[in-house]
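Undergrad: Using the sequences and the accompanying hints, generate a full structural model.
Here are the chains, one letter per residue:
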Amino acid sequence: MSTNRWLATGNYFTSYQDEQRIFFTHLDRTILSLFLFLLFAWPMLVTLSNKYMLVLDNILIAMVAIIGLNIVTGFAGLISIGHAAFVGIGAYTLASFSRTLGDSHVIITHAWPLMIVLSGLMGAVFGAIVGLPAMRLKHLYLAIATLSFQMIFSWTINFLEFFNQGQTIPISRVYWFTGKLGRDEHYLFWYYVLLVVVVLSGFMVRNLLRTRFGRCLSAVRDNDRAADAMGMHPGLTKVYAFGLAGFFAGVAGALHAYVYRGVGFESFTLHHSITYLAMAIVGGLGTLSGSFWGPTAIIALELQVETLVEHASQILPSDWNLATALKPFSFGLVIVLFLMFEPRGIANWWRIVRSYTKLWPFRY
Amino acid sequence: MSYFFQLVVSGIVVGSIYALAALGFVLIYKSSKVLNIAHGQIIAAGAFIAYALTGMVGIPIYISFFLSMVITFFLAMSVERIFLRRLIGEPIISVIMVTIGLMSILDGLIFLTPFGSVNFSFPRFLPRTLISFGGVSISWTQLVGVIVTAVMIIGFSWFFKKSTVGISMRAVSDDQFASMSVGISVPRVFGLAWATAGLSAAAAGGIIGNITGLNFETLQAFGITVFPVVILGGLDSILGAVVAGIIMGIIQQFASGYLDGNWGLNGTAEVLPYIILLIILLFKPHGLFGIHEIERV
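Residue numbers (our numbering), protein chains in the order written: chain A, 1 to 364; chain B, 1 to 297.
Simulated from the structure, these hints should not be mistaken for lab results.
Certain hints may be false.
Claimed, not checked - Here chain B is said to cover these stretches of chain A; the calculated rule only asks that three of the stretch's residues, wherever they fall, bring their Cβ under 8 Å from a Cβ of chain B:
hint, region
1, 14-20
2, 77-84
3, 206-217
4, 338-349
All values derive from a computational prediction rather than experimental measurement.
A virtual CB, placed ideally from N, CA and C, is assigned to each residue, including glycine.
TA: In structure tokens form, the structure reads like this:
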């Protein structure tokens, strides 16, 4: 831990341990700690309205989900067109507790960390089941398997009386040490919880990539035959990847349910799956920092589109369905443009900036 | 028993539309190994163009169907030219994700027009009477739809087997480098594959629009239902698409005819294809007629 990566002209690793470090320099660690401290501290100084707190919560929920999607699509190279369904599995695990025990049963309001983990595990189980064809098949077919899982999920939720046929199932506010959360603290409280979850899962994934399994993932993505020859099991690796992605998705789903204090079918449709894919692509597939950039960028874009629609609808005739039109259009455009011009996503801009500072004042 | 035959007949009607929709999908997959997830949107676009030409511009309906096929032909070709041509040589995963993006873009564009939210229906140009024999009845629209589908599929099969362009498309799907070395322009073949897929999609859209009315949700749902069909038939087989389309149509009709209403089930026709799809993927992933080229990993 000596050289400054912002200024050093090359890698000066002398051992593999060096290369596998989470923080390369003291500066890196200091910056990250400061940044995290700021993220935790700012609500003490500034108060945002509930609307914007909800936006922040949404971004953080999406980050958890995208960390999962990045494992399966970015690191393992398998398209998942059903990620919203896995998120939905998490949310509906919570919802089924709420349906059987009542929406303010002790286990939901007091043991919420347990419920979140449980929803994650449920997501993992379903992820592994959907990933099962991976034992025999390559990515094209897996994309179709996840798509069909999305359709089956939608149908099941809309059909079963137990799930209120897709109507909202309420989940009551949770308890903290200070008692039941008030209306005003609700979003702030979940902001902190989500922040902790995001930081934890970020470190989890960063560590995961240093293990044998993490290296298996990218080996299988890059060349599965070579990976097989090196003694890895590509099929099992993919099933694990789906399981892990399902875990993060499930956690995100439970958090979504708690933040919105209810579970409804309309948050887990095919369109949301596509939005998740857009987030992963825009952030940068196969990079950890991409999982944080993508949701931020897409949700910011969504806000901008909403404001644009508000302004435009005052000028344009009212039968123009701008609100429903512009969202899919802008998401699709962003996906396509990023894939065509910057397939490595926003995370790559970060890398470019860093290499620029390294070389400055020289061009190369 | 006549109920059974009625279900079979309407299954064949629905199935032949699936076959036509799947045809376009298979055409693209065969030549460029791309899963076109935006196919349902192209089908919808074809149907809406036909309606706009006849209902809003006032062109006679037969000509407007023909024109919509021509327009969609060029539309799909330009989609390939603008979005997918640059991605030749990129990993197939990013090409598929581009089609996911395309699906979203086309969704947005269609929602901009009135077709996204309002339902229209084609003016009736066929007799309203039902043709019935032996207790089984079929409407003229359905009958004509099946006939058009059959003609189109036979035409496409002929095109692939005999015509020079068709043979070059098959060559490209078999081996891109080898076909380049004998002077086939691979990008042009990709463009043509998309264009013919667009043409068949417009035909499918016209037929669906005549049978069920012009509803965007219904039309674009065909693009998703095509997946079980092509997986059952084998991703790269036209014959497979036809057979699997009809099988899937009959299964759906049986599901809604015999399962719905019993044991508290409802709407099983929507979900059964996907369950079948997952089962096929687990046990017979190359489908009924697909080439056994799947590598076990």
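Undergrad: Now tell me, hint by hint, if it's right for this structure.
TA: Going through the hints against the structure:
1. 14-20: violated (count 0)
2. 77-84: holds (count 3)
3. 206-217: Result for this restraint: violated, n = 0.
4. 338-349: holds (count 3)
In terms of the numbered hints stated before, the structure departs from hints 1 and 3, listed from lowest to highest.
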